[in-house]
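Chemist: Just so you know, the sequences run in chain order E and B.
At position 360 of the first sequence the residue is numbered 360 (this note's numbering), and the sequence of numbers has no breaks.
Count along the second sequence from 1, add 431, and you get the number used in this note's numbering.
These are computed hints drawn from the structure, not numbers from a lab.
Any given hint could be a false lead.
Claimed, not checked - Which residues of chain B face chain E? A few of them, derived with a C-beta cut under 8 angstroms, are:
#, residue
1, Phe582
2, Leu604
3, Ile643
Said to hold, decoys possible - Listed next, the in silico DSS-like pairs over lysine-lysine satisfying Cα-Cα at most 27 angstroms (straight line):
#, chain 1, residue 1, chain 2, residue 2
4, E, Lys364, B, Lys740
5, E, Lys25, B, Lys675
6, E, Lys313, E, Lys346
7, E, Lys26, B, Lys740
8, E, Lys430, B, Lys675
9, B, Lys675, E, Lys346
10, E, Lys26, B, Lys675
11, B, Lys730, E, Lys364
All C-beta atoms in this analysis are idealised placements derived from N, C-alpha and C, irrespective of residue type, glycine included.
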Amino acid sequence: MSAPTTVPDEQSVSGQLRHVEVISKKFAVVLTAATVVLLAIVGLVPREGEARFRLSGGSEALQIPSIAVPAMPLAWASVVICVVLAAVSWVLWRSGRRTPWYVGIVFAVVFLAGFLGWAGAGSSNDVPISNLIGSSILLAVPIIFGALGGTIGERAGVVNIAIEGQLLGSAFVAAVVGTMTQSPWAGLLAGMFAGALVALVLGVFTITYRVDQVIVGVVLNVLVLGLTSFIYSQVLVPQADLYNSTERFPKVSIPVLSEIPIIGSALFHQSVIVYLLYLTVPAIWFAMFRTRWGLRLRAVGEHPLAADTVGIKVKSVRYRALLVAGAIVGMGGAYYTLVSVSGFGKNMTAGAGFIALAAVIFGKWDPIKATLAGLLFGFSTALASAMSIVQAPVPSQFMLMLPYVVTLLAVAGLIGKSRAPAASGTAYVKE
Amino acid sequence: MSTTENPRPAGDDHSLATTPGTSAAPAPTAPVGEPENRFSTAWREIVGGSWGVSVGAVILALLAGAVMIAGTDETVRQTATYFFSKPGDMLSAVWTTVRDAYGALLRGAIWNPAGDTLLENIRPLATSLTYATPLIAAGLGLAIGFRAGLFNIGGQGQMILAAIGAGWVGFALDLPAGLHLVLAIVIGVAAGALWAGIAGLLKAATGAHEVITTIMLNHTAYYLLFFLLATPGLLQAPGSANPKTPPMKETAILPNLFGTGFPLHAGFLLALVAVAVTWWLLERSSLGFSFRAVGENPKAARVAGIDVKRTTVYSMLVSGAMLGVAGATQVLGTSTTGFSTDVDAGMGFDAITVALLGRSTPLGTLGAGILFGAFKSGGATMQAAETIPIEIVTVIQSLIVLFIAAPPLVRAIFRLPTPGTAKAARRVRKEVAA
């Protein structure tokens with residue numbers, strides 16, 4: 001494991017502890033495995049022609065023309081660089097040093113360049129780089145909101161399995177209220193309210209009645225799924241005009257920023273909820289690690305008895321954290337019916353809440369890392385659709401499988417054991 | 432069958448370490464002795480204890496369901512517009528709607544009064560048990576996981592893999608009757624166990640959280656099945672472009688228990704065997720003891736000499752094997768005309784509520800599985816006869832679990848006495864948490 005451990009030795013007699021950092025070889029193993037995969041793909045299925053990369057998204061003033069690269073030389077060049085980087089990682093491990101993080105990033109970029117080049121070889125369609133970034137964000141938005149809410153809840157000591165239910169419930173309420181008021185803003189507020197409402201039920205059962213948090217979370221998911229599907233079939237379908245056709249948030253371009261080549265339109269020509277996400281992530285990080293509220297929140301999640309002893313009201317801190325978290329997840333739910341499509345559909349979140357739950361754990365209960373985990377998931381889903389655009393010689397089902405396999409490998413290979421907040425999952429009984 | 436053989440080798444490994452502990456295994460649900468009047472204690476236990484709470488929870492959930500059925504009914508909503516001038520209209524509309532709905536639910540779940548023969552009368556009950564079969568088996572898988580401290584959300588994936596394995600043997604191989612069926616079940620169970628074993632192995636080897644890995648394995652299994660079904664020459668029925676398998680061969684189909692035309696198949700017996708095996712495993716075997724020990728406190732289990740990592744892998748294997756039973760009975764008994772990507776029918780997730788309602792005990796899971804099967808069967812009739820969406824059943828089911836999980840709430844609503852001492856109340860809470 002990569003956790004720093006202290007090993008007593010002769011010097012410890014004199015009161016000095018030598019800090020020994022155990023460097024994991026996981027990083028090197030993962031790089032090697034990825035390199036072997038790329039080598040196998042490129043070596044076993046050689047392709048011909050050029051790959052064209054489209055680098056502009058459409059709305060920038062400065063349009064970069066697509067660049068065409070001979071596919072196989074690009075792929076082989078990537079393989080060589082990947083081999084070198086993996087070797088560097090092994091050498092560093094042998095000499096007891098940690099592989100710097102930027103090596104990982106360079107590796108990822110080179111790997112993707114090689115893979116995309118191979119996949120797009122000879123295709124009549126360009127590999128849409130800019131769109132790839134844009135749709136990664138679009139797909140990741142609800143997952144990130146869900147993961148942020150889950151992170152807050154668990155940091156406060158309440159495991160939130162009900163993210164899926166919160167997303168679905170808020171998508172439903174946002175659709176109904178958004179349609180009835182004909183205002184997406186009202187829909188967004190109602191969605192946040194619905195997310196908080198589900199959180200309140202979770203809180204009443206887990207904090208007040210001290211029911212097992214996992215049980216309540218699972219049951220709430222089922223309950224919300226049943227409620228929304230039932231009302232959808234009974235009321236929303238017969239009277240779709242009245243209750244289920246929302247006006248969506250329009251896309252807004254941010255001046256200057258949206259003109260940045262390649263990433264401009266992907267990141268800064270989006271709807272309001274996406275910009276809210278950009279603001280929420282750093283805000284939560286700041287609130288959690290730099291404010292009194294965050295300190296208390298974490299104290300209650302790690303050691304509620306100690307927190308209680310110094311006068312923090314454990315239950316009310318947990319309730320407030322859950323409600324804030326619920327409202328944040330609610331934004332993610334509203335995104336479904338106010339941005340993605342203009343109406344509710346049965347079980348439309350389709351397990352995104354569980355992916356968000358995975359992102360919480362994957363991100364080690366840290367808002368920034370959970371966001372990155374959500375983005376990774378969005379990216380691999382977007383990659384799957386990009387592959388089908390360029391008609392890569394891979395069955396589409398395997399491409400659709402990709403995000404899940406990537407997450408699986410990433411969790412098993414890179415992250416490994418993750419430590420939850422100590423009191424997460426346990427009710428606090430005041431003595 | 433492989434389910435019974437699985438524990439053996441593992442049990443031998445740990446027998447030395449755990450045998451002394453087995454006899455001293457604490458019975459967490461041992462009744463608290465009350466020296467006073469036995470009859471009144473029994474009464475208080477029944478009304479205030481888990482039975483009273485369970486009945487109260489069911490009543491509350493049915494009431495909530497009635498409110499939803501009435502609230503979304505067209506006639507009720509029309510009569511509600513003039514409620515203050517003629518309240519009787521609305522009240523009678525509410526009564527009729529709810530009576531018809533729950534009447535259909537009962538008719539579809541237990542007893543059909545329209546039948547001519549007894550067999551016709553109890554036909555719905557047989558349908559309920561058929562629906563219950565995979566729920567019981569899958570619920571057992573979840574329950575084993577819970578007892579070992581693992582949250583196996585991967586029921587969907589494990590059922591899909593079991594369906595692939597059992598289904599392929601069922602339609603692709605030509606074997607004598609009997610052997611064919613046994614082989615299909617064994618392969619299905621093994622496939623489910625191995626798929627869950629991946630998650631167990633990853634957790635043991637790298638510490639990867641089983642909630643993440645099983646969710647990811649669910650989606651992976653779904654797309655794997657989709658690929659196999661969409662590719663000619665694999666699972667797809669020959670000469671068809673639909674993503675569906677050919678029908679199972681006669682020799683691989685679970686026989687009907689009471690002749691043709693009566694829906695209950697031998698899969699239900701298989702589920703009962705699974706209940707017995709699970710009971711023996713958890714309560715009597717040393718492997719099951721190590722499961723529970725690791726589930727209660729992994730650190731203490733390690734100190735006691737139990738190999739926690741190995742136990743994690745084994746408990747996932749056994750859990751997956753039970754979900755394998757569910758997947759196998761589904762393709763070999765219920766949908767024998769071939770299956771497609773929705774073969775799991777959400778039962779991997781339903782099983783979570785079944786196991787929770789059954790409080791992770793084998794008998795409780797059996798009861799919960801039958802109850803949910805009855806709801807499913809009755810819900811289908813209700814949807815067909817009264818055009819009430821079957822999702823109302825999901826709402827009622829989840830409310831039951833929610834209320835049962837919070838005994839103080841139900842007691843407060845029905846003003847039931849709190850059973851025995853504070854000690855007993857704590858015990859109930861502990862049971863719920865288990």
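Chemist: Determine for every hint whether it applies to the structure shown.
Modeler: Hint check results:
| no. | hint | in the structure |
| --- | --- | --- |
| 1 | Phe582 | holds, 6 angstroms |
| 2 | Leu604 | violated, 25 angstroms |
| 3 | Ile643 | holds, 4 angstroms |
| 4 | Lys364/E <-> Lys740/B | holds, 22 angstroms |
| 5 | Lys25/E <-> Lys675/B | violated, 44 angstroms |
| 6 | Lys313/E <-> Lys346/E | violated, 40 angstroms |
| 7 | Lys26/E <-> Lys740/B | holds, 19 angstroms |
| 8 | Lys430/E <-> Lys675/B | violated, 57 angstroms |
| 9 | Lys675/B <-> Lys346/E | holds, 24 angstroms |
| 10 | Lys26/E <-> Lys675/B | violated, 41 angstroms |
| 11 | Lys730/B <-> Lys364/E | holds, 22 angstroms |
Hint check: violations occur at hints 2, 5, 6, 8 and 10; the rest are consistent with the structure.
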